[in-house]
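Just so you know, the sequences run in chain order A and B.
Sequential numbering from 25 applies to the first sequence in the working numbering.
Sequential numbering from 4 applies to the second sequence in the working numbering.
Treat the hints with care, since some could be wrong.
[Said to hold, decoys possible] From the derived model, a few chain B residues whose C-beta atoms are all more than 12 angstroms from chain A: (1) 51; (2) 68; (3) 79.
[As the list claims (entries may be wrong)] For lysine-lysine, the following DSSO-like pairs were computed, each having C-alpha atoms within a straight-line distance of at most 27 angstroms: (4) A/348 to B/5; (5) B/8 to A/348; (6) A/301 to B/5; (7) B/50 to A/253.
[Said to hold, decoys possible] Quick list of the computed label-pair ranges, beta carbon to beta carbon: (8) A/342 to B/79: 21 to 29 angstroms; (9) A/257 to B/62: 47 to 55 angstroms; (10) B/79 to A/364: 44 to 52 angstroms.
Simulated from the structure, these hints should not be mistaken for laboratory data.
Glycine residues also receive a C-beta, built at the ideal position from the N, C-alpha and C atoms.
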Amino acid sequence: MIEPIPYVIAITALNAIDSPGPGLAVIRALREGLGTGLRIIGLCYESLEPGIYLHGQVDKTYQIPYPTAGAGPLLERLQYVHEKEKLDLVIPNFDSELYNFIKISVDLNKLGIKTFLPSHKQLEIREKINLAKFGKKHNLLVPEDRIIFKADELEKVAADLGYPLVVKGKYYEASVVHTLEQASKAFSLLSVKWGLPVIAQKFVKGTEINIAALGDGKGNAISVIPMRKLYITDKGKAWAGVTLEDNTLLDLGRDFIKATHWKGGCELEIMKDAAGKLFIMEINPRFPAWVYLTAAAGQNQPAALVKMAFGELVEPFDSYQPGKMFVRYAWDHITDITEFQQISALGEL
Amino acid sequence: MKIKKNIATSENGFIFNPSTGDSFSSNPIGAEILLFMKSGKTSLEIKEIILENYEVEPAQLERDWEDWLLQLKDANLLDL
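This is chain A alone, in the form it adopts within the complex (with noise of 0.2 angstroms):
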């Protein structure tokens, strides 16, 4: 039996869309794994993010400023929900606002909200202009990529790499594409979008693969689960997945740990070619939004990043349970124009 723990966990990226953030994932594993004392404090950045109006697995939203506001307004913004809810820890999930939250961690931690992330350096390691290099230095196959600050360098670099190419902005999206007026377009999208620079990379043809893993911060990999996507969106998200039993991708991700120390969760986004060979195609440093898979293939990441928080000796699990699959669905969620206003108006619900 799972004895109830009345922890106050807040819990960011509920938008639970077509290219869903990891919150609701983070949450069921979480209420799966703690126990029925948890109290889930959402927050989020937009009014329609779906989390906010499950209330059954958020108790209470608060809206947060954008990561753009900085640290300041995040931190001021937090003092006000702690002052109401008591918060324990805070697990943010989006990529984009890890800068901020860790540069709080300290003053959080002095409010008594704790915190388990990495530190800016592991941030920048695996940063899509840093991969390569990080990947040279630790043995880590990265595909070659090619670092572009303006347009005309585009035709130098699609004759090193070869089409087709993948276009890539600074922190999200990517194009995969076959011709320099297709790299031109591409390339002003994704600056115009996300800002310079932006990488071109070379492509790689093979299976994609995504490993979600928890580091304690000291070199070990706490959980290590390979997951082949078995249906993908548009966006390139899985929709469908398995776990997979495969020594080769663990060997993988327990790697990037140790070479890291990192702390906390994260994804390793993998392409498997004809060859067996594994590439590195990003390193998203948080949780991914398919976690959930980990705690019904018996490796709970996020409870077990809880307990680490809360200064929990956590043994690295030894055994998962390969062929577990998700599959994800959309549901309609049905709610009263009400709440949209309360937390549009607001701020809070």
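Knowing the structure of chain A, use the given hints to seat chain B on it.
Same frame as chain A, but now just chain B:
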């Protein structure tokens, strides 16, 4: 030729390779043969069982057997 140890098979012919995430379905005779292979029977033993229970000429069985192994190899299900 042995089938990989971790391959999951079911009586209705579903095959799952947990190393790659690939899944396949086979017909009833394929499912039966896979279960024999999983239980450790040799090619010779399996072929004897088939010849005993099905109306098939030995030469035809040999051809089908080669084809079957090729399919298993292509599907990355054999321990080579």
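Item checked: Distance restraint between residue 8 of chain B and residue 348 of chain A, which requires alpha-carbon spacing of 27 angstroms or less -> Holds, at about 18 angstroms.
Check: Is it the case that residue 51 of chain B keeps its Cβ farther than 12 angstroms from each residue Cβ in chain A?
Finding: Holds, since 32 angstroms exceeds 12 angstroms.
Item checked: 21 to 29 angstroms as the expected CB spacing between residue 79 of chain B and residue 342 of chain A, which holds or is violated -> 26 angstroms, holds
Checklist line | Pair hint outcome, residue 50 of chain B versus residue 253 of chain A [Cα-Cα no greater than 27 angstroms] | finding: Roughly 37 angstroms separates the two Cα atoms, so the pair is violated.
Checklist line | Minimum Cβ distance from residue 79 of chain B to chain A greater than 12 angstroms, as the annotation requires | finding: 10 angstroms, violated
Notebook entry, point to check: Given the hinted pair residue 348 of chain A and residue 5 of chain B, is their alpha-carbon gap at most 27 angstroms?
Noted result: 25 angstroms, holds
Item checked: Hinted pair residue 301 of chain A and residue 5 of chain B, Cα distance within 27 angstroms -> 24 angstroms, holds
Item checked: Claimed clearance of chain A by residue 68 of chain B, with the beta carbon kept past 12 angstroms -> 27 angstroms, holds
Next item on the list: Please test the hint of 47 to 55 angstroms on the beta carbon pair from residue 257 of chain A and residue 62 of chain B.
Entry: 50 angstroms, holds
Check: Using the C-beta atoms of residue 79 of chain B and residue 364 of chain A, is the stated range 44 to 52 angstroms upheld?
Finding: 51 angstroms, holds
Violated hints, listed in ascending order, are 3, 7; each of the other numbered hints is respected by the structure.
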